[in-house]
Amino acid sequence: MTAMTNMNTTPTRLRKINPLWWQIGLVVVSILLPLPLGDYYRTVLWRTGLYTILGLSLNIILGYAGLFQLGHAAFYAIGAYTAGLLNLHFGIPLLLTFPVAVIVSAFFGFIITRPILHLRGDYLCIVTIAFGEVVRLMLVNNLFGITGGANGLSRIARPVLFGLVLRQPIYHYYLMLLFLIITIFAIRRLENSRLGRAWMYVREDQVAAEAMGIDTTHVKLLAFVIGSGWAGLAGALYAGQLTVIAPDMAKFLESVIMFCIVVLGGTGSIPGVFVGAFGMITLPEIFRPLKDWRDAWLGFAMVAMMILRPEGLWPSRRIQMEIHAEEAVATTPE
Amino acid sequence: MMALLKIQNLTKQFGGLTAVDQVNFDVHQGEILGLIGPNGAGKTTIFNMITGIYPPTFGEVYFKDHRIAHSPLTWRQRLSTPVWWLSWLPISAIRQQWNDVRTLRPHEITKRGIARTFQTIRLFNNLTALENVMAGPHHRTQAGLWGALFRPPTQQKEEAYIVAEAKRYLKFMGLADYRDELAKNLPYGHQRRLEIARALATEPALIVLDEPGAGLNEQESIELMALIHEIRNSGVTVLLIEHDMKVVMGICERIVVLDYGKKIAEGNRDEVQHNPRVIEAYLGEAEEEESEEV
Ligand SMILES: Nc1ncnc2c1ncn2[C@@H]1O[C@H](COP(=O)(O)OP(=O)(O)O)[C@@H](O)[C@H]1O
Ligand SMILES: [Mg+2]
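Just so you know, the protein sequences line up as chains H and S, in that order. For the first sequence, position 270 matches number 270 in the numbering used here, and the numbering has no gaps at all. Quick note, the numbering used here runs 334 ahead of the 1-based positions in the second sequence.
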């Protein structure tokens with residue numbers, strides 16, 4: 001029977017890097033995509049891309065390191081508020097606040113997650129929910145006296161690039177696209193690195209990883225810091241497009257949407273995050289009636305998926321092989 | 335002969351149960367030492383204390399004359415220990431002293447030169463055999479986030495080194511052909527060997543193997559024992575847990591026997607084999623097995 005399962009799963013070689021033309025093609029399509037569309041749909045595309053960045057940043061924590069993070073939106077909000085506050089109070093041009101937004105969110109990722117790293121699975125999950133809510137309530141209650149309370153911040157100056165004020169949705173789409181491409185490039189490199197492997201060792205078996213000489217605390221902390229920092233970048237992009245930000249950015253539903261984007265498409269998979277963002281953001285925007293029913297649709301989609309395609313819609317090949325190998329074993333008569 | 339690993343009065347209590355009771359023995363540089371005893375004797379618990387997974391209740395473990403395991407300091411002890419107050423200072427002499435006092439984490443013990451395998455195999459199931467073994471060189475390489483993103487020459491050299499090392503250890507354990515198989519899909523015997531390859535790839539001075547022969551057929555056991563000999567000959571000291579006496583007699587120069595958490599015998603094959611307490615412990619077990627069968 002061992003021979004049988006081996007036969008079924010022969011193509012266990014890892015996926016080869018996509019050929020260059022395939023990547024260039026995708027970039028060209030994404031550049032042309034908004035041109036025939038009106039402003040509304042351009043904004044929908046921008047939102048989809050923004051949540052893809054958020055999904056990819058959460059994917060580092062949830063997909064690679066296998067750590068349940070249900071408070072990711074907190075760092076998205078922290079990034080947006082950092083950019084907004086620097087712009088409003090110090091008049092720093094928005095684009096220049098981006099690196100600071102990344103660093104500040106990463107720093108909060110560090111201090112918030114450092115004390116809870118030893119928690120496992122579901123316990124970690126609950127604590128991250130709590131921290132997410134704490135951040136939102138701090139913003140609502142205007143704890144530092146500068147965040148504008150429940151109204152948040154408004155009249156943030158639009159980003160300016162070489163004298164060009166980025167006002168129309170199309171500009172924001174391209175700004176987002178630039179960062180999306182950088183994100184994908186960076187994450188693909190991370191995946192195939194010493195650090196990326198360490199995350200996967202932790203995800204697979206933390207005790208074994210530790211016994212192999214991997215400082216699991218340090219590695220997990222890095223996943224949180226990098227993922228949170230990058231969520232902060234998405235927050236700064238959001239602040240530039242909307243010019244108005246509110247504590248609602250950090251609400252629990254936002255974290256759930258990000259979580260679903262990663263899980264719906266297939267945990268640990270980059271194309272999966274795109275599929276997830278399409279399902280969670282684009283579809284509800286296109287079909288307006290669906291939007292009012294989003295919470296219900298979200299629940300249905302998750303239940304249906306867990307039954308029909310537990311590996312996600314576009315899983316990483318590895319996880320797909322894994323799940324189907326198990327099925328093959330389960331259905332092979334003894 | 336130099337004692338590479340010294341175990342002194344090692345004791346572990348789980349609630350009311352004393353799993354390991356005042357055990358003393360040394361592992362000498364370059365030997366294969368067998369640790370045997372009936373099921374539940376406390377062998378795995380000793381391994382878990384050596385490798386930092388459990389802290390001992392009492393007693394100590396020394397490795398290369400440094401203390402690597404002891405019962406954790408209480409707060410009162412910490413406050414009355416001068417190095418604890420100074421431990422945040424980046425002065426190497428102080429750090430050194432503090433390292434002998436504090437509780438080490440498992441990865442730090444691995445870094446000092448002890449690698450292990452697990453009684454129930456713990457591979458990284460969804461990663462390939464090669465990726466599993468690539469975990470070994472992790473602790474002696476550097477690249478972090480910047481290396482991953484910008485891939486400077488140092489990082490590329492390091493990656494090449496990690497892959498080459500992993501391939502070398504796969505080949506050593508006879509797994510070169512299974513490089514790209516997922517660990518999960520390997521046959522059981524190969525998984526056992528892969529786990530040893532992964533442990534060896536950390537380049538330990540001492541490897542501790544927890545029942546590596548469990549679940550193997552006779553042919554596979556014989557091959558494995560030959561490999562363990564080779565590991566020792568390559569300069570790695572071996573501490574081996576084995577439940578089955580016959581297997582141990584084949585390769586261990588010295589044997590320590592444990593029963594109900596206590597050391598009941600220590601010596602070479604003949605001494606152990608003819609020790610009445612050992613015979614009794616194992617007879618008791620044989621009877622239990624027989625009565626189970628009935
Ligand atoms: N984590 C634990 N909690 C409570 N009891 C344990 C734990 N680990 C081991 N034990 C107990 O300690 C005793 C020794 O176990 P173990 O070291 O696994 O034996 P061996 O490896 O010699 O078969 C057993 O009675 C076992 O039930
Ligand atoms: Mg055991």
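Hint data in this document are derived by calculation from the structure and do not stem from the laboratory. Check before you lean on any hint, since a few could be wrong.
[What the hints assert, rightly or not] Beta-carbon label-pair distances, calculated as ranges:
| hint | chain 1 | residue 1 | chain 2 | residue 2 | range |
| --- | --- | --- | --- | --- | --- |
| 1 | H | N141 | S | R485 | 56 to 66 Å |
| 2 | H | I126 | S | L479 | 22 to 32 Å |
| 3 | H | S30 | S | T437 | 48 to 58 Å |
| 4 | S | N433 | H | I111 | 22 to 32 Å |
| 5 | H | A130 | S | E564 | 47 to 57 Å |
| 6 | H | N141 | S | R502 | 56 to 66 Å |
| 7 | H | I111 | S | F392 | 32 to 42 Å |
| 8 | H | G25 | S | L479 | 53 to 63 Å |
| 9 | S | R485 | H | L33 | 56 to 66 Å |
A virtual CB, placed ideally from N, CA and C, is assigned to each residue, including glycine.
Going down the list of hints, with the structure as the test:
Range check, H/N141 to S/R485: Cβ separation about 45 Å, and the 56 to 66 Å hint is violated. With their beta carbons about 29 Å apart, H/I126 and S/L479 fall inside the hinted range of 22 to 32 Å. Taken as a hint, the range 48 to 58 Å holds for the pair H/S30 and S/T437, whose Cβ atoms sit roughly 52 Å apart. Taken as a hint, the range 22 to 32 Å holds for the pair S/N433 and H/I111, whose Cβ atoms sit roughly 27 Å apart.
Distance hint for H/A130 and S/E564: a CB-CB separation of about 53 Å, consistent with the stated range 47 to 57 Å. H/N141 and S/R502 have their C-beta atoms about 59 Å apart, which keeps the hinted 56 to 66 Å range intact. At roughly 37 Å, the beta-carbon separation of H/I111 and S/F392 lies within the given 32 to 42 Å, and the hint holds. A C-beta distance of roughly 30 Å is found between H/G25 and S/L479, which places it outside the suggested range of 53 to 63 Å.
Separation of S/R485 from H/L33 is about 30 Å and departs from the stated range, judged on CB atoms against 56 to 66 Å.
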